[in-house]
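J.: For the record, the sequence lines run as chains A and B. So for the first sequence, the working numbering puts the first residue at 1; every next one is plus one. So for the second sequence, the working numbering puts the first residue at 1; every next one is plus one.
Incorrect hints may appear among the rest.
Ranges of calculated distance between the beta carbons of each label pair, as one might list FRET restraints [to be verified]:
{"id": "1", "chain 1": "A", "residue 1": "Q9", "chain 2": "B", "residue 2": "N10", "range": "26 to 34 Å"}
{"id": "2", "chain 1": "A", "residue 1": "A78", "chain 2": "B", "residue 2": "F66", "range": "42 to 50 Å"}
{"id": "3", "chain 1": "B", "residue 1": "G16", "chain 2": "A", "residue 2": "N52", "range": "47 to 55 Å"}
{"id": "4", "chain 1": "B", "residue 1": "G40", "chain 2": "A", "residue 2": "E15", "range": "47 to 55 Å"}
As a list, the in silico SDA-like pairs of lysine to any residue whose alpha-carbon atoms are at most 20 Å apart [stated by the list, open to error]:
{"id": "5", "chain 1": "B", "residue 1": "K101", "chain 2": "A", "residue 2": "E55"}
{"id": "6", "chain 1": "A", "residue 1": "K97", "chain 2": "B", "residue 2": "H29"}
{"id": "7", "chain 1": "A", "residue 1": "K97", "chain 2": "B", "residue 2": "Q50"}
{"id": "8", "chain 1": "B", "residue 1": "K101", "chain 2": "A", "residue 2": "N31"}
{"id": "9", "chain 1": "B", "residue 1": "K101", "chain 2": "A", "residue 2": "L61"}
{"id": "10", "chain 1": "A", "residue 1": "K97", "chain 2": "B", "residue 2": "F104"}
{"id": "11", "chain 1": "B", "residue 1": "K101", "chain 2": "A", "residue 2": "Q14"}
{"id": "12", "chain 1": "A", "residue 1": "K26", "chain 2": "B", "residue 2": "E44"}
{"id": "13", "chain 1": "A", "residue 1": "K97", "chain 2": "B", "residue 2": "Q41"}
{"id": "14", "chain 1": "B", "residue 1": "K101", "chain 2": "A", "residue 2": "S39"}
{"id": "15", "chain 1": "B", "residue 1": "K101", "chain 2": "A", "residue 2": "E53"}
{"id": "16", "chain 1": "A", "residue 1": "K97", "chain 2": "B", "residue 2": "L60"}
Hints listed in this document are in silico derivations from the structure and should not be mistaken for laboratory results. Model, not experiment: these values are computed from the prediction. Built from N, CA and C at the ideal position, the CB exists for glycine as well.
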Amino acid sequence: SQQGEEDPQALSIQEGENATMNCSYKTSINNLQWYRQNSGRGLVHLILIRSNEREKHSGRLRVTLDTSKKSSSLLITASRAADTASYFCATDAGTYKYIFGTGTRLKVLA
Amino acid sequence: GAGVSQTPSNKVTEKGKYVELRCDPISGHTALYWYRQSLGQGPEFLIYFQGTGAADDSGLPNDRFFAVRPEGSVSTLKIQRTERGDSAVYLCASSLGRVIKEQFFGPGTRLTVL
Numbered sequence: 001s002q003q004g005e006e007d008p009q010a011l012s013i014q015e016g017e018n019a020t021m022n023c024s025y026k027t028s029i030n031n032l033q034w035y036r037q038n039s040g041r042g043l044v045h046l047i048l049i050r051s052n053e054r055e056k057h058s059g060r061l062r063v064t065l066d067t068s069k070k071s072s073s074l075l076i077t078a079s080r081a082a083d084t085a086s087y088f089c090a091t092d093a094g095t096y097k098y099i100f101g102t103g104t105r106l107k108v109l110a
Numbered sequence: 001g002a003g004v005s006q007t008p009s010n011k012v013t014e015k016g017k018y019v020e021l022r023c024d025p026i027s028g029h030t031a032l033y034w035y036r037q038s039l040g041q042g043p044e045f046l047i048y049f050q051g052t053g054a055a056d057d058s059g060l061p062n063d064r065f066f067a068v069r070p071e072g073s074v075s076t077l078k079i080q081r082t083e084r085g086d087s088a089v090y091l092c093a094s095s096l097g098r099v100i101k102e103q104f105f106g107p108g109t110r111l112t113v114l
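All chains, please: the whole structure from these sequences, using the hints.
T.: Below, the structure written as structure tokens:
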């Protein structure tokens with residue numbers, strides 16, 4: 001079964017707008033990662049946030065983590081058409097087994 | 001340097017046949033993962049190798065699925081007596097090891113069982 005659940009399942013925005021997607025998980029974690037997937041093939045790592053961190057930035061990406069609520073959010077600022085992809089969160093639960101969520105399909109309209 | 005490669009990129013087989021899917025991880029990466037992804041779903045964990053040994057194979061759906069990594073580099077996922085429900089994209093990923101968690105994914109093998 002998949003631990004992570006992304007919300008919303010699909011998101012459509014205009015170029016230049018910000019996109020926010022959320023991930024909820026069920027069990028305690030050591031870290032949480034966000035990945036992007038284009039065209040249903042290989043995933044690309046975006047950012048990793050550890051359980052003792054609350055916020056992390058990488059370029060136009062901002063990730064927050066609230067371990068008390070077992071949730072994380074990914075914010076993409078000033079979105080571009082090239083950001084169109086599916087975004088997944090992945091959690092490890094104290095092992096090296098990673099559980100991916102169901103993903104958010106983001107569409108950025110030019 | 002070269003990324004993770006997977007062969008073949010597409011595989012069409014008939015129900016009941018045996019298939020092998022190959023993964024070449026990034027050189028020096030000790031950890032290797034196999035995932036299966038169905039349409040509209042996230043990657044589903046199958047098995048994790050640390051070096052040559054399968055550290056966690058709890059995601060393999062049944063005994064028709066088996067994976068090896070005999071020299072701690074290339075890995076092969078083997079599926080016996082394929083079923084139509086095995087149709088999916090099979091993804092391989094590698095990472096440096098226990099401390100570095102970032103996974104680098106290959107492009108996947110799309111398996112279609114007719």
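J.: So, for every hint listed, does it hold in this structure?
T.: To see whether the hints hold, each was checked on the structure:
no.: 1; hint: A:Q9 with B:N10: 26 to 34 Å; result: holds, 27 Å
no.: 2; hint: A:A78 with B:F66: 42 to 50 Å; result: holds, 47 Å
no.: 3; hint: B:G16 with A:N52: 47 to 55 Å; result: holds, 50 Å
no.: 4; hint: B:G40 with A:E15: 47 to 55 Å; result: violated, 25 Å
no.: 5; hint: B:K101 with A:E55; result: holds, 18 Å
no.: 6; hint: A:K97 with B:H29; result: holds, 16 Å
no.: 7; hint: A:K97 with B:Q50; result: holds, 11 Å
no.: 8; hint: B:K101 with A:N31; result: holds, 9 Å
no.: 9; hint: B:K101 with A:L61; result: holds, 19 Å
no.: 10; hint: A:K97 with B:F104; result: holds, 15 Å
no.: 11; hint: B:K101 with A:Q14; result: violated, 33 Å
no.: 12; hint: A:K26 with B:E44; result: holds, 16 Å
no.: 13; hint: A:K97 with B:Q41; result: holds, 18 Å
no.: 14; hint: B:K101 with A:S39; result: violated, 24 Å
no.: 15; hint: B:K101 with A:E53; result: holds, 16 Å
no.: 16; hint: A:K97 with B:L60; result: holds, 12 Å
Of the hints listed earlier, those the structure fails to meet are numbers 4, 11 and 14, in rising order.
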